[in-house]
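*Asks:* Chain residues, written in single-letter form:
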Amino acid sequence: MREITASGQTVEEAVQSALEQLDTTRDHVDVEVIDEGKKGLLGVFGSKRAFVKVTTVKNQIEEAQNFLRDVTGKMNVEADVTTTVSENHITFDLAGDKIAVLIGKRGQTLNAIQYLVHLVLNKDGTQYYTVTVDAEGYRGRRKDTLESLAHKMADKALSLNKTVALEPMPAFERKIIHSVLQTNEQVSTHSDGVDPHRHVVIEP
Amino acid sequence: MKALIETIVTQLVDYPDDIVVTETEEDAKVVYHLTVNQNDVGKVIGKNGRIAKAIRTVVYAAKSDTNKRIYLDIM
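Protein chains in written order, with the UniProt record's numbering: chain P, 1 to 204; chain B, 1 to 75.
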């Protein structure tokens, strides 16, 4: 974060001069007017210059988006990033040719990228955001897969009359399983183990 | 590969100037050794090594120029 004071004939001119010195644009700064200045008589007598204090602010979302672009670029995967912001939740959608590389087995690479983006986004910002990194509709497809898996495993637990443990999953994937089986009154679910081995257990 | 590691780590730490990534080539694998400022160690390892694991997952997923195995050594 950088901070400078600049002056000009008007507030607007002072801000412009500050932006030039900081080599940035209006969206990336906070402006505090110290003195609005005075035109003065005929623009000569008694005129006072305007003073402003300009502070650069990091645009967290932009930083995170650039980080995501950098990382995918360095992985030699060309991907377009589409950013959607809804209140405190941000979705970065990746699209491109070699997108499978970014998803990885059972989405493990995508989850790792998502975690890193989450860290970068919330590193030293004022606002806390939750992040989803999606690639070519992967999250949606994974949700469908997990829902059918949940039903299949619930049936298995019932027919065997035994508890069934699923493989370890990240929290947001476990949540999908729990919420699907919430309505099924014949089984109950809970999670067992410690991250990263935490997994869903289905009980008849 | 080295650039990828640096890109990721730079955004995570407080002292990006202290990041050092060295590359050692062995018979069957390439070892990248990462060191950061003493105060940043926690930021690249994380609780239960969660961050370290995420960095490794991403780095290993990236295709390397050689066919050798990649190994990322932290600290």
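A portion of the hints provided could be inaccurate.
Pairs of lysine-lysine residues, derived as DSS-like cross-links and limited to a Cα-Cα distance of at most 27 Å, are as follows [to be verified]:
#1 B:Lys47 / P:Lys98
#2 P:Lys105 / B:Lys47
#3 B:Lys53 / P:Lys74
#4 B:Lys53 / B:Lys68
#5 B:Lys47 / B:Lys2
#6 P:Lys143 / P:Lys175
#7 B:Lys43 / P:Lys105
#8 P:Lys123 / B:Lys53
#9 B:Lys53 / P:Lys175
#10 P:Lys152 / P:Lys175
#11 B:Lys2 / P:Lys105
#12 P:Lys74 / B:Lys2
#13 B:Lys2 / B:Lys68
#14 P:Lys53 / B:Lys47
#15 P:Lys53 / P:Lys74
#16 P:Lys98 / B:Lys68
#17 B:Lys43 / P:Lys123
#18 P:Lys156 / P:Lys143
#19 P:Lys98 / P:Lys74
#20 B:Lys2 / P:Lys98
#21 P:Lys156 / P:Lys105
#22 B:Lys43 / P:Lys74
#23 P:Lys38 / P:Lys48
#24 P:Lys123 / B:Lys2
#25 P:Lys123 / B:Lys68
#26 P:Lys156 / B:Lys29
#27 B:Lys43 / P:Lys156
Hints are computed from structural coordinates only; laboratory data are not their basis.
*Asks:* Given the hinted pair Lys98 (chain P) and Lys68 (chain B), is their alpha-carbon gap at most 27 Å?
*Replies:* Holds, at roughly 21 Å.
*Asks:* Check whether the Cα positions of Lys53 (chain P) and Lys74 (chain P) lie no farther apart than 27 Å.
*Replies:* 38 Å, violated
*Asks:* Given the hint that Lys53 (chain P) pairs with Lys47 (chain B), test it: the Cα-Cα distance must not exceed 27 Å.
*Replies:* With Cα atoms ~40 Å apart, Lys53 (chain P) and Lys47 (chain B) exceed 27 Å; violated.
*Asks:* With a cut-off of 27 Å on the C-alpha distance, tell me whether Lys53 (chain B) and Lys68 (chain B) pass.
*Replies:* Satisfied, since the Cα-Cα distance of roughly 20 Å is no more than 27 Å.
*Asks:* Taking only the CA atoms, is the gap from Lys156 (chain P) to Lys29 (chain B) under or equal to 27 Å?
*Replies:* Answer violated: Lys156 (chain P) to Lys29 (chain B) is near 43 Å, above 27 Å.
*Asks:* Below or equal to 27 Å on CA atoms is what counts here, so check Lys156 (chain P) against Lys105 (chain P).
*Replies:* 25 Å, holds
*Asks:* Does Lys43 (chain B) pair with Lys105 (chain P) here, judged by a C-alpha cut-off of 27 Å?
*Replies:* 26 Å, holds
*Asks:* Lys152 (chain P) and Lys175 (chain P) were given as a pair; does the straight-line alpha-carbon distance stay at or below 27 Å?
*Replies:* Distance of about 17 Å is within 27 Å: holds.
*Asks:* Quick one, are Lys123 (chain P) and Lys53 (chain B) close enough, alpha carbons at most 27 Å?
*Replies:* 18 Å, holds
*Asks:* Does Lys74 (chain P) pair with Lys2 (chain B) here, judged by a C-alpha cut-off of 27 Å?
*Replies:* 9 Å, holds
*Asks:* Holds or violated: Lys2 (chain B) and Lys105 (chain P), Cα atoms, limit 27 Å.
*Replies:* Roughly 23 Å between the alpha carbons, so the hint for Lys2 (chain B) and Lys105 (chain P) holds.
*Asks:* Would you mind confirming whether the straight-line C-alpha gap from Lys123 (chain P) to Lys2 (chain B) stays at or under 27 Å?
*Replies:* Holds, at about 23 Å.
In summary, the structure is inconsistent with hints 1, 14, 15, 25, 26, 27 from the numbered list given earlier, while agreeing with the others.
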